[in-house]
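Each chain, written out:
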Amino acid sequence: MWGFLTTITSLEFKGGKAFKPEEEHYLCMHWTVKRIFQAVFTVYVVVTLSFALIRLMPGGPMDYLRATLLGPDQTGTVDRERLNRQIELYMNINPDQPLWEQYVQYMSSVFTGDFGQSIWFNRPVAEILLEALPWTVFVMGIALLLTFAINIALGAIMAYKEGSRFDISMTFLSIISTSIPFYVGAILFLLFFSFTWELFPPGSRVNARLDPWTFEWIMSVLHHATLPILSSVLIGLGSGALIMRGNSIQVLGKDYLRVGRLRGLPEGRLALRYVGRNAVLPMYTSLMIAIGNVFGGAVVLEEIFTYPGVGYYLFVAVEARDYMLLMGAFILITVAVVVCLVVADLTYGLIDPRAKGGGYDEHA
Amino acid sequence: MAVTESSYSTGSSEDVIIETHDVSVYFEMDRGTSKVLDDVSLDIYREEILGIVGESGSGKSMFASALLDAVVAPGKTSGDILYHDADGSTIDVLSLNQEELRAFRWEKVSMVFQGAMDSFNPTLRIKGHFIETLKAHDFDVDEGLERATDLLAQVYLDPDRVLSSYPHELSGGMKQRVLIALSLLLDPDVLVMDEPTAALDLLMQRSILRLLENLQQRYDLTVLFITHDLPLVAELSDRVAVLYAFQFVEVGPVSELLERSSHPYTRALLNAVPTLQTPLSDMEPIEGSSPDPINVPTGCSYHPRCPLADERCIGEEPPFYATEHDDHQTKCFHWEDAISEIPLAHHKSTTGSSQIVEGKQSEEPVLTLDNLCVHFENNNSFLGLFGESQTVFAVDEIDLDLYENDILAIVGESGCGKTTLGKASIALQRPTSGEVQYRGDDIWAVKDGRSESDRSYSAIRRALQIIHQDPGSSLNPNQKILRTLESPIKHWKSDMSQTDRRSQIYGLLEYVGLTPAEEYAQRYPHQLSGGEKQRVALTRALLMNPEVILADEAVSALDVSLRVEMMDMMISLQNMFDTSYIFISHDLANARYFAGSVGGRIAVMYLGEIVEIGPAEEVIQNPKHPYTKVLKWSTAELDSDASQEELPLRNIDIPDPVNPPSGCRFHTRCPEARTECRVNSPKLEATDDGDGIEAHQVACFLDKPRDHPYWSSDQLVSEDNPTLVE
Numbered sequence: 013m014w015g016f017l018t019t020i021t022s023l024e025f026k027g028g029k030a031f032k033p034e035e036e037h038y039l040c041m042h043w044t045v046k047r048i049f050q051a052v053f054t055v056y057v058v059v060t061l062s063f064a065l066i067r068l069m070p071g072g073p074m075d076y077l078r079a080t081l082l083g084p085d086q087t088g089t090v091d092r093e094r095l096n097r098q099i100e101l102y103m104n105i106n107p108d109q110p111l112w113e114q115y116v117q118y119m120s121s122v123f124t125g126d127f128g129q130s131i132w133f134n135r136p137v138a139e140i141l142l143e144a145l146p147w148t149v150f151v152m153g154i155a156l157l158l159t160f161a162i163n164i165a166l167g168a169i170m171a172y173k174e175g176s177r178f179d180i181s182m183t184f185l186s187i188i189s190t191s192i193p194f195y196v197g198a199i200l201f202l203l204f205f206s207f208t209w210e211l212f213p214p215g216s217r218v219n220a221r222l223d224p225w226t227f228e229w230i231m232s233v234l235h236h237a238t239l240p241i242l243s244s245v246l247i248g249l250g251s252g253a254l255i256m257r258g259n260s261i262q263v264l265g266k267d268y269l270r271v272g273r274l275r276g277l278p279e280g281r282l283a284l285r286y287v288g289r290n291a292v293l294p295m296y297t298s299l300m301i302a303i304g305n306v307f308g309g310a311v312v313l314e315e316i317f318t319y320p321g322v323g324y325y326l327f328v329a330v331e332a333r334d335y336m337l338l339m340g341a342f343i344l345i346t347v348a349v350v351v352c353l354v355v356a357d358l359t360y361g362l363i364d365p366r367a368k369g370g371g372y373d374e375h376a
Numbered sequence: 128m129a130v131t132e133s134s135y136s137t138g139s140s141e142d143v144i145i146e147t148h149d150v151s152v153y154f155e156m157d158r159g160t161s162k163v164l165d166d167v168s169l170d171i172y173r174e175e176i177l178g179i180v181g182e183s184g185s186g187k188s189m190f191a192s193a194l195l196d197a198v199v200a201p202g203k204t205s206g207d208i209l210y211h212d213a214d215g216s217t218i219d220v221l222s223l224n225q226e227e228l229r230a231f232r233w234e235k236v237s238m239v240f241q242g243a244m245d246s247f248n249p250t251l252r253i254k255g256h257f258i259e260t261l262k263a264h265d266f267d268v269d270e271g272l273e274r275a276t277d278l279l280a281q282v283y284l285d286p287d288r289v290l291s292s293y294p295h296e297l298s299g300g301m302k303q304r305v306l307i308a309l310s311l312l313l314d315p316d317v318l319v320m321d322e323p324t325a326a327l328d329l330l331m332q333r334s335i336l337r338l339l340e341n342l343q344q345r346y347d348l349t350v351l352f353i354t355h356d357l358p359l360v361a362e363l364s365d366r367v368a369v370l371y372a373f374q375f376v377e378v379g380p381v382s383e384l385l386e387r388s389s390h391p392y393t394r395a396l397l398n399a400v401p402t403l404q405t406p407l408s409d410m411e412p413i414e415g416s417s418p419d420p421i422n423v424p425t426g427c428s429y430h431p432r433c434p435l436a437d438e439r440c441i442g443e444e445p446p447f448y449a450t451e452h453d454d455h456q457t458k459c460f461h462w463e464d465a466i467s468e469i470p471l472a473h474h475k476s477t478t479g480s481s482q483i484v485e486g487k488q489s490e491e492p493v494l495t496l497d498n499l500c501v502h503f504e505n506n507n508s509f510l511g512l513f514g515e516s517q518t519v520f521a522v523d524e525i526d527l528d529l530y531e532n533d534i535l536a537i538v539g540e541s542g543c544g545k546t547t548l549g550k551a552s553i554a555l556q557r558p559t560s561g562e563v564q565y566r567g568d569d570i571w572a573v574k575d576g577r578s579e580s581d582r583s584y585s586a587i588r589r590a591l592q593i594i595h596q597d598p599g600s601s602l603n604p605n606q607k608i609l610r611t612l613e614s615p616i617k618h619w620k621s622d623m624s625q626t627d628r629r630s631q632i633y634g635l636l637e638y639v640g641l642t643p644a645e646e647y648a649q650r651y652p653h654q655l656s657g658g659e660k661q662r663v664a665l666t667r668a669l670l671m672n673p674e675v676i677l678a679d680e681a682v683s684a685l686d687v688s689l690r691v692e693m694m695d696m697m698i699s700l701q702n703m704f705d706t707s708y709i710f711i712s713h714d715l716a717n718a719r720y721f722a723g724s725v726g727g728r729i730a731v732m733y734l735g736e737i738v739e740i741g742p743a744e745e746v747i748q749n750p751k752h753p754y755t756k757v758l759k760w761s762t763a764e765l766d767s768d769a770s771q772e773e774l775p776l777r778n779i780d781i782p783d784p785v786n787p788p789s790g791c792r793f794h795t796r797c798p799e800a801r802t803e804c805r806v807n808s809p810k811l812e813a814t815d816d817g818d819g820i821e822a823h824q825v826a827c828f829l830d831k832p833r834d835h836p837y838w839s840s841d842q843l844v845s846e847d848n849p850t851l852v853e
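Order-wise, the sequence lines are chains H and D. According to our numbering, the first sequence holds residues 13 to 376 in order. According to our numbering, the second sequence holds residues 128 to 853 in order.
Treat the hints loosely; a few may be bogus.
[Claimed, not checked] Between beta-carbon pairs, the in silico distance windows are: (1) V199(D) with S176(H): 11 to 21 angstroms; (2) D597(D) with T359(H): 31 to 41 angstroms; (3) G175(H) with S467(D): 50 to 60 angstroms; (4) D454(D) with G265(H): 39 to 49 angstroms; (5) D419(D) with R281(H): 37 to 47 angstroms.
Read the hints as simulated data drawn from the structure, not as lab findings. All values derive from a computational prediction rather than experimental measurement. Where a beta carbon is used, it is the ideal one built from N, C-alpha and C, also for glycine.
Could you build all of it, start to finish, from the sequences and the hints given here?
Right, dumping it as structure tokens:
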């Protein structure tokens, strides 16, 4: 799925030819409109797919819901009309209508923000997800930014000291940390920090007895979020640092760095504006994709720390065969990835001037 | 007459700006110490232009870097480099600490690198590069930017536009000029240029040299110009030093070196360069190759390649000998004999000696281009809903015939569409409109199945082959040469036995000079030199028994001394295989050498159009179109007292092919342009001078009789500011 999205995105960087600056703005607008249109289309296709899944899955949500409503003995006294009304309430689909009407109804409700009713929690899906969303964004966002910042700094230092003992040992550690699945780390953290030393709480988002937005409440939020963030960051280090190291080494070999050095530029400027800036460029898109994947990546982590965010609910939905909640979370993740990719594409030109135009073609 | 052992110096020291004594650069490697500069001593005079010439791998870049103590680690520099400042103080460059070195570089000595394409931070605007340099050296930024604006205008750039551009928005020639401006920003006394023009086409090279001369005089610079191209530097320099195998072998004033060079290597270099004047038969390549830094021959390092070498040269290293001219010194035992033993080709006159081999061309053309156009669309419109997409007119309305055994050289600067024309002619690029016919059949009609002809597309495909510019990237690095060469035969002649196939390959490899063929066939591409790779590429094309080979800048990537050899071989193969060539080059001299040897034609292209076409010698000796004249001007002559005429162009940069100028496309740069040229576009027509050579055609009003409206319209010259681009 994500591969497919990335392909759509990466296609955009081809086909650039030299054009003059005055036309640049004009072309940019085309491109932006086109890109947004593509994104909307992708979301549309995904929602359509979710409709098809609901309809077509054998033993799928329809059958499941019917079975649940009819009760275990399948002889329930519920009449067919009431049953269908129930199904419609939960799933935005009335099985008695012709297919196209079902489709239109489903699509229009999804696009107006109505994802149906969760069977397990017996609450609207949208409400559950909306309530969980900020918590996941909070935990995963901080974890992600920290991971990237540390990885970039680490990778740049490793590149500068290429071949030194620091570089070799960090490369070794990076490979180890990359090969450990993060949930192993998370479970170890839980074991030592929560259960053995009791430094951090083993679950939940905040001490529910506190009033929101007081100082104690904020401290409690941070206290609860520490372990998930820490485990995600520590295990996330490594691969990013190795990529950054490779990029930086490449930039360090460039002529412009040599010329910059000959021009007597201070080392600090060379490190930040020359090496850092150019080495980070290729990582920007992967950062945006990672942001989009935050909700998906949070599933196991939030489950381990029983941290009720989007991922936690997704896990519950899978276990409870709560299809509507599952679909809601699924669509949410899709939208997040698509939006982040669009943002990445549209903003890439801001950080890399070369992405705007094609430049002059040297070879006729 | 011998001066002190392996050292070179002159008595007057007050006008010396940089002294070098026994400077070595070495790398410690597993196989031993690699000395890439071996105890060289040379004085550089204040305000001179010193050319340093050598083949690739002769250590010339190392000498340049050593002057700024900028040899890249793990290389080490030893010896003495003394810089004499204008105020009389002397700086010992190699003993400066980091901070002193930082101030010394760029303020006293600055450097322009080979790779201008890559000398700017791609995420920083040009202005940023100037500002950060000023700040790093505590110069006043506003004053500095004023100087920058001034410098940029001097190198024919529009300062405001360039300063606000990102590096990728500038063409290669523009970047190189910006880099020169940047290097002069802090008013240095010495400018070291390491192959500054190697990646540019000839016209841009020459334009930059001309600019450099002006700058040198205006800012009282001392310029060190390092290149592999002797004729290029000969016109510019006051003195030339020739570097061979990490040592200087000859130093002297440029006129001395050109007329009475006394080292066999220098003389061989002079003879290896194709020019417009030299008789074709007198050019000859230098045999052998330059030595490996780990394994330099004993005695005189040139002795394995030298025709004059004897026992003494093998056993003993020659000292520097002073020749009749005070300032001219040679490191050769036989310098007196060299002058008489090795005649210089450019000393013979050309007049009347042009012996053209009559080609046996057929009447029926192999390829016919009929009103051929190739336009590229900038494909950025949104589902075609909004507005015009832009069109690049790469090739516009070209008619051309190519016969059997024909040679057509297409000449023009970067961006003029010559590669696109070449590719379209051998059906690698589908034309936007017009036809390419192979022996009367429209190739694209055959491919699409629209043609009634019984000729198959694959047969046509096989008959039209290509040799690319970069031999390195056109061979699969993971395949042995044998496999690379075998696969096309396996595909086209699947019934051929392995023995036959291999013997055919070995035969051809031997023919192109790769002997022993069996051994070469087992090598991988990285085990071959550039010239050898290009031969393999040629072999691969020839295996198909093609009727036309497109050689796209096939010799441009090779060292000067190898070019002639490669072209000779291609010509001799033509006789053997009855092949026609389309030879693409930005160098008129190469085109002349290649096409002229067999009575071929030269076509001059400008912005998608052919502006002049005719028999090679005729176009070279009697150019009609101002653009051809400009190209001819750009081809350096081995002539030290070349006339100091002004740049024969009103504008250095080629216009954007997206929006070509109206009328004659050359009018924006043409020194002869008149208002008529802006309105009407001249047609390609036979020349009018009654010399009976009908094949010579030109598209210019200059060639029209006096009653043509061109002659009564106004000159365009001083109308727009010649120092501004666009």
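To see whether the hints hold, each was checked on the structure:
1. Separated by about 18 angstroms at the C-beta atoms, V199(D) and S176(H) satisfy the suggested range of 11 to 21 angstroms.
2. The hint said 31 to 41 angstroms for the Cβ distance between D597(D) and T359(H), and at roughly 35 angstroms that hint holds.
3. A C-beta distance of roughly 56 angstroms is found between G175(H) and S467(D), which places it inside the suggested range of 50 to 60 angstroms.
4. At about 40 angstroms, the beta-carbon gap between D454(D) and G265(H) stays in the expected band of 39 to 49 angstroms.
5. At about 39 angstroms, the CB distance of D419(D) to R281(H) agrees with the hint of 37 to 47 angstroms.
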